[in-house]
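J.: What follows is each chain in one-letter form.
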Amino acid sequence: MRVSFEVNGRPVRADDVWAGESLLYVLRERLGLPGSKNACEQGECGSCTVYLDGETVCACLVAAGQAEGRSVRTVEGLADGEALDPVQSAFVDAGAVQCGFCTPGLLVQTHDLLRRTVGAGGQPPGDDEVREALAGNLCRCTGYEQILAAVRLAAERAGGAA
Amino acid sequence: MEFLRPADWDEALAMRAELPGARPLMGGTDVMVELNASGSEFGRPAELPEALIDLSGLPEPRGHGPDGGWLRLGAGVPYTRIVAELAARAPALAAAARTIGSPQIRNRGTVGGNLGAASPAGDAHPPLLATDAQVELASRGEVRRVPARDFYLAPRRTELRPDELIAAVLLPPAAGPQRFAKVGTRNAMVIAVCSFAIELRPALGEVGTGIGSAGPVPLRAHEAEDFLRAELADRWEARRPLPEAVERRFGELAARAARPIDDVRGSAAYRRHAVGVLARRTLRWAWEDYRKGADPCG
Numbered sequence: 001m002r003v004s005f006e007v008n009g010r011p012v013r014a015d016d017v018w019a020g021e022s023l024l025y026v027l028r029e030r031l032g033l034p035g036s037k038n039a040c041e042q043g044e045c046g047s048c049t050v051y052l053d054g055e056t057v058c059a060c061l062v063a064a065g066q067a068e069g070r071s072v073r074t075v076e077g078l079a080d081g082e083a084l085d086p087v088q089s090a091f092v093d094a095g096a097v098q099c100g101f102c103t104p105g106l107l108v109q110t111h112d113l114l115r116r117t118v119g120a121g122g123q124p125p126g127d128d129e130v131r132e133a134l135a136g137n138l139c140r141c142t143g144y145e146q147i148l149a150a151v152r153l154a155a156e157r158a159g160g161a162a
Numbered sequence: 001m002e003f004l005r006p007a008d009w010d011e012a013l014a015m016r017a018e019l020p021g022a023r024p025l026m027g028g029t030d031v032m033v034e035l036n037a038s039g040s041e042f043g044r045p046a047e048l049p050e051a052l053i054d055l056s057g058l059p060e061p062r063g064h065g066p067d068g069g070w071l072r073l074g075a076g077v078p079y080t081r082i083v084a085e086l087a088a089r090a091p092a093l094a095a096a097a098r099t100i101g102s103p104q105i106r107n108r109g110t111v112g113g114n115l116g117a118a119s120p121a122g123d124a125h126p127p128l129l130a131t132d133a134q135v136e137l138a139s140r141g142e143v144r145r146v147p148a149r150d151f152y153l154a155p156r157r158t159e160l161r162p163d164e165l166i167a168a169v170l171l172p173p174a175a176g177p178q179r180f181a182k183v184g185t186r187n188a189m190v191i192a193v194c195s196f197a198i199e200l201r202p203a204l205g206e207v208g209t210g211i212g213s214a215g216p217v218p219l220r221a222h223e224a225e226d227f228l229r230a231e232l233a234d235r236w237e238a239r240r241p242l243p244e245a246v247e248r249r250f251g252e253l254a255a256r257a258a259r260p261i262d263d264v265r266g267s268a269a270y271r272r273h274a275v276g277v278l279a280r281r282t283l284r285w286a287w288e289d290y291r292k293g294a295d296p297c298g
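Keeping their order, the protein sequence lines are chains A and B. Just so we're aligned: the first sequence equals residues 1 to 162 in the UniProt record's numbering. Just so we're aligned: the second sequence equals residues 1 to 298 in the UniProt record's numbering.
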C-alpha cells in the first residue's frame, strides 16, 4: 500500500507499506528519520513518541495506514533549523542526557506538556504534573533527576519569556 | 493481510460482514502490540487477520452526547477525552480512564478497544458494570444493545459477533456517587492487579459494583450488592457515617465474589484480599460523597 502524509511540515510518501507496519517503522526505515527510537514496540517505553495531528502518541502503535493524510511531527521537527527548541536546550544545559536513547521521546513529550501549560498562558507544571506527563517515557540511565531539572528549566525559561 | 479504510460507518459494517476474519482497528494500543510481536522472535506464531479495518478516520465512533437521558459514548473516544470531557457525567469511568497507561496511550486507547480486547484486566469494565451500562453492537441492518453484565463471556470472548462492530457504550443517567480504585505496582503504566468500581443510587435504593482483573471475566459482586442494598435501606435519609461493620462485611462479600488466579501480577490470595480492601474503601468514599451531597441527585 502507498501511504502519504506530512512529516515536520513536508509532504512525504512511502510505497509498498505492509498493512500491519507501524508508523515508527515507516519513519525510521523508509523516510530516513531515525530520531524516534524503536525499543519496546508495545507502548511501554515512550521512546518513539511523536505528534500525530497535534497529540503525542507512540508511533509504534499507530498503523502506518492510519497516518494517511495526517500530520506528524517528530523530534527532528522540534528545532528551527540550527536553533534548538528551548526544551532541547534545557536538556543539554541540565545534563539530562546519558545514553540518549530515551531522549527524543522525552523531548517530544516535554514539548507537549509545556505547550499545554506555560505555552497556553498557564502556570509552569508542578513536579507531580511533570511526573504524570512523563510516566510513559522510560529512562534506564539517569534516575530521572536531571530530566526533571531540565523540564523545570525549560518551563522556567518559557514562563520568563511569556 | 489488507489494510481497509472504509469511507463511512456503513461501509465499515459492510466490510465486517464480508470479512469475518478481519480485525477492526481504532487506537491500536492492543492490536498493534500483537502485530509488532508477530514479526519478532519473541512473538507468538504469526496468526494474522485477513485484513485490518481502520475505524480511526470515521467520525461516528468519536463523538459523545445525550441519548434520551442516557449518555452515548462513541466506542472510539480516546481516554484523554473521557478524562477531560466526562469526569462530571461519568466519574467512575473517567477515574478508571485516568489510570490507564500513559498520556500517549490515553491519547489513542478507547473503551471500544477495551471491550473488543475483553481482557479481564481492562480498566473500563468495572465502571461499566457498576453503572449498569449497555454496549451498542452494530451489524449491517441491526443495532442491538447488550447490558455490560451480559457482555463478557470468557477471557477475551464476548457477545460481539464476527459481523458486528462495537459502536458505543450507553451510560444511564448518573444516579449517584461513583468511585473506582485499582491496585498496581506503579501509579502509571500498569495493568491492574485488581480493581473495583461502585455506584450508589440513592433515589432507587440501589447499588452497583464491578470487579476487575480478579476473575476470568469482569464480575459483579452480587451478594455484596444485596447486602449493601438492605443495609442502606434505612440509612439513606439520615446520611450518618456507615458503621465499620457494614463496610467490612461489604468488603468480605466482594472478596468472596472474586474468582482470581495466580499470575505474574499477583497471587489469587493477594487479589482476593485486595478486592475486599478496595471494595471497603470505595464504599466509604462513595458514602462520604453522598453524605456531603456531592451526588447529582442529592
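No wet-lab data here; the hints were simulated from the structure. Note that the structure is predicted; figures quoted are calculated from it, not measured. In this text, a Cβ means the ideal position worked out from N, Cα and C, and glycines have one as well. Some hints could be false.
[As the list claims (entries may be wrong)] Covered by chain A, per the in silico footprint, the following chain B stretches (three or more residues, Cβ under 8 Å):
1) 50-56
2) 132-140
3) 179-189
[Claimed, not checked] Residues from chain B shown here face chain A by an in silico Cβ test under 10 Å; the list is partial:
4) GLY28
5) MET32
6) SER119
7) PRO216
8) ARG235
J.: Compare the structure with each hint and give your call.
T.: Verification of the supplied hints:
Given as covered by chain A, the segment 50-56 of chain B passes the check, having 4 residues with a CB less than 8 Å from a CB of that chain where 3 are the minimum. For the segment 132-140 of chain B, the stated coverage by chain A is not satisfied: 0 residues place a CB nearer than 8 Å to a CB of that chain, which falls below the threshold of 3. Beta-carbon proximity to chain A at under 8 Å applies to 4 residues in the segment 179-189 of chain B; the threshold of 3 is reached and the given coverage holds. Nearest Cβ of chain A to the Cβ of B:GLY28: about 5 Å, under the 10 Å cut. The hint holds.
With a least beta-carbon distance of about 4 Å to chain A, the hint placing B:MET32 at the interface is held under the 10 Å criterion. Taking 10 Å as the C-beta contact cut-off toward chain A, the hint placing B:SER119 at the interface is violated, the least distance being around 14 Å. The interface hint given for B:PRO216 is broken, as the beta carbon of that residue sits about 24 Å from the closest beta carbon of chain A, more than 10 Å. Interface restraint check: B:ARG235 against chain A, minimum CB-CB distance 36 Å, threshold 10 Å, status violated.
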